[in-house]
Structure formats: C-alpha cells, structure tokens
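Visitor: Chains as they are written, first to last, in the numbering used here: chain Z, 1 to 244; chain D, 1001 to 1244.
Take the hints with a grain of salt, since some may be wrong.
Some chain D residues judged to face chain Z by a derived CB distance under 7 Å, without partners named [what the hints assert, rightly or not]: (1) E1059; (2) Y1070; (3) L1196; (4) Y1201; (5) L1205.
Since the hints were made in silico from the structure, they are not lab data.
Ideal Cβ placement from N, Cα and C applies to all residues, glycine included.
Protein chains: 2
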Amino acid sequence: MNEELLLGNIREVLNRLEDTIIFALIERAQFRANPVVYQKGRFAQIPGAESLCGYLLRETEKIHATMRRYTSPDEHPFFTDLPAPILPPLRFDENPLQPNQVNLNPQIREAYETAIIPFICREGDDAQYGSSAVCDVACLQALSRRIHYGMFVAESKFQEHPEPFRAAIRDGDRMVVDALITDIAVETKVLIRVQLKARTYGQDLEGRAGQHKIDADRVADVYRNWIIPLTKEAEVDYILQHPL
Amino acid sequence: MNEELLLGNIREVLNRLEDTIIFALIERAQFRANPVVYQKGRFAQIPGAESLCGYLLRETEKIHATMRRYTSPDEHPFFTDLPAPILPPLRFDENPLQPNQVNLNPQIREAYETAIIPFICREGDDAQYGSSAVCDVACLQALSRRIHYGMFVAESKFQEHPEPFRAAIRDGDRMVVDALITDIAVETKVLIRVQLKARTYGQDLEGRAGQHKIDADRVADVYRNWIIPLTKEAEVDYILQHPL
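The following block holds chain Z by itself, in its conformation from the complex (with noise of 0.2 Å):
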C-alpha cells in the first residue's frame, strides 16, 4: 500500500492537524463573534458582495494557487476563479487517491460562520473585524483540511477490505458504507484528546488560576458536531464516487 494510506501515518497527520485546528480556534476566541465580518455586502466597496471573510479568503487562495497550494491532493479551495501557478510544479508522489468531486468547502464555511463561530467566540461587536477575518481564514485552511483528509482515511480503509465497500458502492447505500468506515473507538479517542489539548493550549498561563482563552468542551464538541461529522460525509462521497 502506498505510504501515505497507512493508517498510522494518517492518523500522524491528523493528530499534527488538531493542534494547528486548536491553536487556530484559540486565536480566533480572543475575539468576539463579530457578525459583521460574516454578512454578505455589509461593505459595498468589496466586490462581488462578498463578506469581508469570504474577500479575505478569496483572496488568499488566490495568492495560494500562484504558489501552487492547490496542486497538492489533500488541499481544496473554497473558491473557483483562482490564477494559475505561477511556481514550477513540485513533483509529488503519486496521488494515492481515485480522482473524485468531494468538496465540502460550502458546508465547512456555512457550519463555520453559522454555527462554529457563536459557539466558540463570546458574542457581539470588538471593531475587529480584519483580526477576526485572518484568524478566520486559517480556521477554514485548516478545517478543510482535515476534513478532506478523511478520503485518505477513506482510500485506505477501502485497499484494506474492498469486498464490502464494492458491494455498498453497487447499491449506492450511504448508511452501509457510513456504518463501514465509522470506527467509534476511534472517535471517542479523539474527541478525549481534543478535549485535552484545548485545556492545556488554552490555560492562561500568567497566573490566573482557572482562566482558559477558550472553552475546552466547546472545542471537543466543535470536533463532535461538526468536523467528524463533517468528515465521515467526505469519505462516504469519495467511497460511492469510488471505481469498483
């Protein structure tokens, strides 16, 4: 099997992952939720009447696909008018994934600014709004990320016992491949550790006993709402896209 579909390694990646999800939301907490930074058109000089969220990311990815960001297999953007690279191509190992059209970037972005963001942010209005748009769009790199990522999971699963998912992906039966490629010890390890890594990444390390820059269960429950969710949908859309 291809070294980057063994499970340990994959899970490597994950685990490496949390902490720069965690690190992000932390960033993202100083803030308030600041709905401004979210509403469509709220400032008629960005064009496109987008959000001052969506211009900043779109115009990040821009930036990004010059230098190739785009190219690698586990990155996918939210927007589709991108530039060229401008970079030569860097020559990466072989995709270990079937070709596939798993994007789960508008509902990662709708979860995030709907839900995610006055779950984890105290509410209302700092006037922060270019602070809270950067640590924005690293949230949603590296959400999009992790989710996509699941189809490694997913590919890797599939090479091990392909007998069961063939005769799911026959059926088109979403339920069956979900219950193929759900590993609840696995979940409940993550979601343990996730817990544990915002408590100690966001204890307030200056001496205010039992301050935290974020809410350690939200942070679990961030991962249990919705990027587990949110991942299993990945694999089980790249699992019925899959060739038999």
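Got chain Z; can you put chain D on it based on the hints?
Guide: Relative to chain Z, chain D alone:
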C-alpha cells in the same frame, strides 16, 4: 493617562501576543528550515527578485492594506508599495503615540530568516515551501506587532517620569534611555513565562512521553536574543524621536 498606555493594559496585550507568537513558532517548527524559501531570486517567476517568503508577505500585506490593517497605530508593514484601504476608515481612539518614523521590520525580517529559523527548525529541506512561507507570514506579523508595541511601553514610561527622559533626549544618549526603559525583573519574568508556555503548548499529547513540537528553551532564547533586544531598540528609537 490614555487607557492604552496603562502599563497593566499593555502587559496584558503583550502576554496575549506571546501566545500568538509561540503558537506561530510551533506551527513553523513542524517543517524543516527550508532555506530555499528565503533565497531571493530563487524562483524566476516571482516578481521583483523576491524570495518565496517575501513574495507571500508582500502579497498578504497588499490584501491586509485594503482591509486598512496599517491604519492601526500598532501595525507596521514590511513593504511600502501598498494599496489604499477599500474599507471606510475605522474610528481609532486617538493614537496615544507621538508621531515617529520607527520601523524595525528590516531588522526583524533579517533576524527571523537568518537566525531564528535555523534556531527553531530542524535543518534541511522537506519541500514544504508554501506551508513554511504561510507560517513565516504569521510569525513575522506577530513579531513585528510585539516589537513595535514597545513604543507603547516607552510612551507610558515617558509620561510617568518625563524629566530623566527629557535630559537623555537632549543629550541624544541611547545608553541612558536604554537604562531608563530597562526593567530586569520584568524581563526575567517574561523569559520564565515564555519557557513555561512553550513547554506547555509544545507538548505532544498523543502520549509519546517526552516528545515536544518545539524546544522550549530555544523559544525562551528567541525572546532573550532577538525579541527583547529589538523591542528595546524600538523603545529607545522612539524616545530619541520624542518631542521634549
């Protein structure tokens, strides 16, 4: 005194910025030093014979400038050819600093690329150039904000006891200003706290005991050898340009 100049409030900002800097350094340290990222002219396609890091920094600053980032008194750009804001100006509370020309970004970038990167990253090249450069921009922006925030400390100290500063300004005496703004007890407290934070946030909580994402002593040394000296340079430069 202006609320933004109360030393307690300034120290709270600096304490929170410490977390941002440490998170950013931990994120960068997951990749190799990748010296290619800092070589100017290394990629012929990049305009202006910049390095990949410089290219991403400049393009990012262009976007952030349109979002009026550099109208804030605690933000200083690395590049000068930036577009005008497209967002309407935010009402900032009156700038508590005196007009000044202090901008240590050239020194900050030099120290970061040539000294801090080889100090905190494992040597070598892992081909993660884009990911490294994205982390670099986060590091450089956080370092720049932290170091220039010294001017708020300096202004606060000036207003507290203006007379000794006025004498040193008249004489243009850097050494005296340096002595006036130096507080060894606070510096020591910062170094101890930074080491504790880096150790705490740099833990690998996957259970590989003793594994760390970054060398906490080295993070403290980054403060000792570069961040604190450059902050004091910003403070001294600021005071020497201060009206009597």
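Visitor: Identify every previously stated hint that the structure contradicts and give their numbers, smallest first.
Guide: 2
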